[in-house]
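Peer 1: Take the given structure of chain A and dock chain B to it, following the hints.
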Amino acid sequence: MKCIKCQTDSKYSERSGGTCPKCRARFAFEPKSGDPFTDPAFAAAIDRVSAHDAVRFTHTNLYYELARAGRRTNAKKVVFLAIGFLGLVLGTLAAVGSGSIALLVVALAVAVSGIVLGLRAKPNPTPALTQPTFSSLLDKWSAAHGTPSKLVQRAAPASATGRKAPLAKELATYSFDRAVICDRPETVDLLLANNFHFENNCAILSVTGYPEAVFGPVLEMLRRNPKIEVYALHDASAEGHELARKLATSPEWFRGIGRVTDVGILVKHAARLRGLWSASRQTTPRAFGDLTAEENAWLSVYALELAAIRPEQVIKRLFRAMTQPGTQVTTDDGGIFFVGGSFGGSDVGTSDGGGDSFG
Amino acid sequence: MAESVVVCDEATLRALPPATVAPALSGTFSAGQTAVTGTIDACRVGAERILSLSRLREIAAADELAGVDGAFQLAVHEPDRLQLARDAIGHRTLFYAPKSPAGFAYASDIKTLLNQSGASRTLDPRALAAYLSCAYIPGRGTLFRDVKELLPGHTLTCTRDGYDERRFFSLPPECDDETWSEETEKEAIRDLRSLLEATIRDNLDPEQEAAASLSGGIDSSIVVALVQRALGRPLHTLSIAFGAEYKNELEWSSMVARHVGSEHTIVHLTPEAILASLDETHAFLASPIGDPLTVPNAILFRKARELAPYVWNGEGGDPLFGGPKNLPMVLAELYGDGENDTDESSPRARSYYRAHLKCFDELSSLLTEQALAAVAEAPLELEVNPYFEGGRSFVGALSEINVIWKGGHHILPKVDQLSQAAGVRPRSPLFTKSVVEFASRLPPSLKLRGSVEKYALKEAVRDLLPSAIVDRPKSGMMVPVEGWFQGPLLPHARERLLGGALPWDILRKSAVEALVDGKVLGLRPRRGVKIWLLVALESYLRQFT
Chain A
48 MKCIKCQTDS KYSERSGGTC PKCRARFAFE PKSGDPFTDP AFAAAIDRVS AHDAVRFTHT
108 NLYYELARAG RRTNAKKVVF LAIGFLGLVL GTLAAVGSGS IALLVVALAV AVSGIVLGLR
168 AKPNPTPALT QPTFSSLLDK WSAAHGTPSK LVQRAAPASA TGRKAPLAKE LATYSFDRAV
228 ICDRPETVDL LLANNFHFEN NCAILSVTGY PEAVFGPVLE MLRRNPKIEV YALHDASAEG
288 HELARKLATS PEWFRGIGRV TDVGILVKHA ARLRGLWSAS RQTTPRAFGD LTAEENAWLS
348 VYALELAAIR PEQVIKRLFR AMTQPGTQVT TDDGGIFFVG GSFGGSDVGT SDGGGDSFG
Chain B
3 MAESVVVCDE ATLRALPPAT VAPALSGTFS AGQTAVTGTI DACRVGAERI LSLSRLREIA
63 AADELAGVDG AFQLAVHEPD RLQLARDAIG HRTLFYAPKS PAGFAYASDI KTLLNQSGAS
123 RTLDPRALAA YLSCAYIPGR GTLFRDVKEL LPGHTLTCTR DGYDERRFFS LPPECDDETW
183 SEETEKEAIR DLRSLLEATI RDNLDPEQEA AASLSGGIDS SIVVALVQRA LGRPLHTLSI
243 AFGAEYKNEL EWSSMVARHV GSEHTIVHLT PEAILASLDE THAFLASPIG DPLTVPNAIL
303 FRKARELAPY VWNGEGGDPL FGGPKNLPMV LAELYGDGEN DTDESSPRAR SYYRAHLKCF
363 DELSSLLTEQ ALAAVAEAPL ELEVNPYFEG GRSFVGALSE INVIWKGGHH ILPKVDQLSQ
423 AAGVRPRSPL FTKSVVEFAS RLPPSLKLRG SVEKYALKEA VRDLLPSAIV DRPKSGMMVP
483 VEGWFQGPLL PHARERLLGG ALPWDILRKS AVEALVDGKV LGLRPRRGVK IWLLVALESY
543 LRQFT
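Chains as they are written, first to last, in the numbering used here: chain A, 48 to 406; chain B, 3 to 547.
One chain only, chain A, in its complex shape (with noise of 0.2 Å):
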């Protein structure tokens, strides 16, 4: 394994006390004793996850990177693909010292069998990487390397979360042109740690309350302007599916205010993310009239965290949705609301640098 810190690598002989054998450097990972990840395979997933430690993340950010790298190689496909090219090889070899031609039919029967499972294997559906598994790597990592320094190490900044003073009455008869609303609190720290209301001229809570010390004076600040421009951003998840036109519709919401965006991951997202997977929440599973049967299906299975999505990925989705019309959607009870591009596609982080003033 190679130190990540003067990147020699030793042998497990040479890095008895878990020690860097040349800088001396602690090693947070042993293979050898059954850790499931290696110090630089840690370190790149932090990387990943960090966009090369531009962006902050939170936790599951990082829990969901780490089940991404294990996606990656997918033990069924290594079984079925090793039994395959095995098959070909000791089938023939067998053929040929034999001089058998039945043998060699069924090699080549069990080889190609064994690839196209190989090659066809799907993921488990959901993370083999289990939350507790997680939680002690980062404890592991973070006692030999220290916390990584983009990871959200508190909730919502201390001023949405413990006001010492109440809010200024002045402040709370403002109002701002745009908001996103989200399904988890998560959302909320990770956006406000990566200072994207103040970046971006827009209020942010959660649908559940939160940050619980400004919640009602900025939905109240929201609801003041008229033409406020509301993002949902949730889970693909049957309580995600509905946030958007709960935003657009619920008199304590923004019904006849405004207009409601969804940019939330859509059912239709999550199939390209298997192994991300997580269980549904649905106690009783509902079907929505503006899914299929099959997505319905998944819905009642299965859920897809906006955390499995990058960082980077989300706030460069909302840049793009602030900047480019969604497509309307009528509900069922009359309520409208629009439905943001995809994730991927172009970014459009990128500032045209305006002059302060002119004329």
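Since the hints were derived computationally from the structure, they do not count as laboratory data.
Keep in mind that this is a model prediction, so the values were computed, not measured.
A few of these clues could be false.
Stated by the list, open to error - To spell it out: a stretch of chain B is covered by chain A in this simulated footprint if at least three of its residues, at any positions, have a beta carbon under 8 Å from a beta carbon of chain A; those stretches are:
| hint | segment |
| --- | --- |
| 1 | 327-333 |
| 2 | 390-399 |
| 3 | 502-508 |
No residue lacks a Cβ here, since even glycine has one placed at the ideal position from N, Cα and C.
Peer 2: Structure of chain B alone, referenced to chain A:
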């Protein structure tokens, strides 16, 4: 109304009236000397127009400079003392070197001061950090360690015993929202309209042609509408675009030009024209300004000189009346600023610097360790904190700091210096002392109303402009620096930044190389803005090498 389009490339630029350096004001303190020197433009005290320096001196002697509206810089030499004065809000600049080889020396620009006094050209890392954070240098400090700037609304008296600065103008206190009724609010909006009309009337020469820059934003549109109405005939309006491949605001500026019926000219600036004017423009500035609009502004003034002797502009609407950057600060106040750690002091000040969207968060990578240590001795944040502790509302405090800092160290000096160089006189009716005083008294709810910025200003002129202009969200005049520095201007920027006049004892060359090479990370790297900031600095420093 007629609309014409002019493409301004290098050749067109050469055909424009040449820009010239305005005569500098300079001198030293020496006992026994008597003289009055200075410059004035559009100065009034009450209803009286101030037409001579001797009258201005009388007003200064009577300690009544606070009543003077207009641009001036004044140096009064008396046998036993020297008195310097700079106008209330900072149109004109004065710099001084207290301990130069020539003694106490002053000048209207830094280059003249250094040349004539022999003061040290050692750069000040802290001022450079402020420049990188704001794109201008606020406060007394200048890029040169031994040179100070006399603040707007201040006098300085120098005697054999030393020198003393005194503030003669302060922004009046803000009114409390609680004391305002619907009726007083309507009255204030009517008063604002009357004040703007009177300001324009007082500064308009009906015999002369008038020109105005027109971005299509609310501020320049207001000025165009009011000036056209006061003039009673079409005025010349000028808009800027940067070629079909880049976003522009021409839809809006042409709408306003059509609405008021002005003679409208659209000037398309090529990257080559920008490059050709770069060093000349920055040499006209007393202090470096890293706003990408500086060079386009300078070219526009030269173009306007062909049309009229006065050029009107809408500068000041944002800082005075609650323009953009207030809402991000309100959001940071509500939620905290994600870049501030919980244990950091001065969170508001840090957010204020960060809201400029320049290089505040990159100082640790851009500055050398030695420079960072110098900055750490007196952190930049300390200069902002007092504004938030002065008893004004949050938005009132932001307005105050924007007027004093950005108005007096960026907007007004830039307009004054670049227009003088082009041979035209600037008129900024939204940014006069009387309008500043009026705006300072307004309660915060008349600046930011809900999410509507500049509420009182918009309501004061609603009848003059199409509602599409009054109610459109602020977008800012965009200069395509990202496109330029990913394309046509990148080789030039590389050559300038890595082989030019940047100070490598203060700036870290590897960080500048990474910026030029595109190795800048982050969700919105704003590389073009940062490269421009450094290109403008290098261009400014060239004149001292």
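Peer 1: Are there three or more residues in the segment 390-399 of chain B whose C-beta lies closer than 8 Å to some C-beta of chain A?
Peer 2: holds (count 3)
Peer 1: Quick check: do three or more residues in the segment 502-508 of chain B have a beta carbon closer than 8 Å to a beta carbon of chain A?
Peer 2: The restraint on the segment 502-508 of chain B is violated, since only 0 of its residues have a Cβ under 8 Å from chain A and three are required.
Peer 1: Counting residues of the segment 327-333 of chain B that have a beta-carbon nearer than 8 Å to any beta-carbon of chain A, does the count reach 3?
Peer 2: holds (count 4)
Of the numbered hints listed earlier, the single one contradicted by the structure is hint 3.
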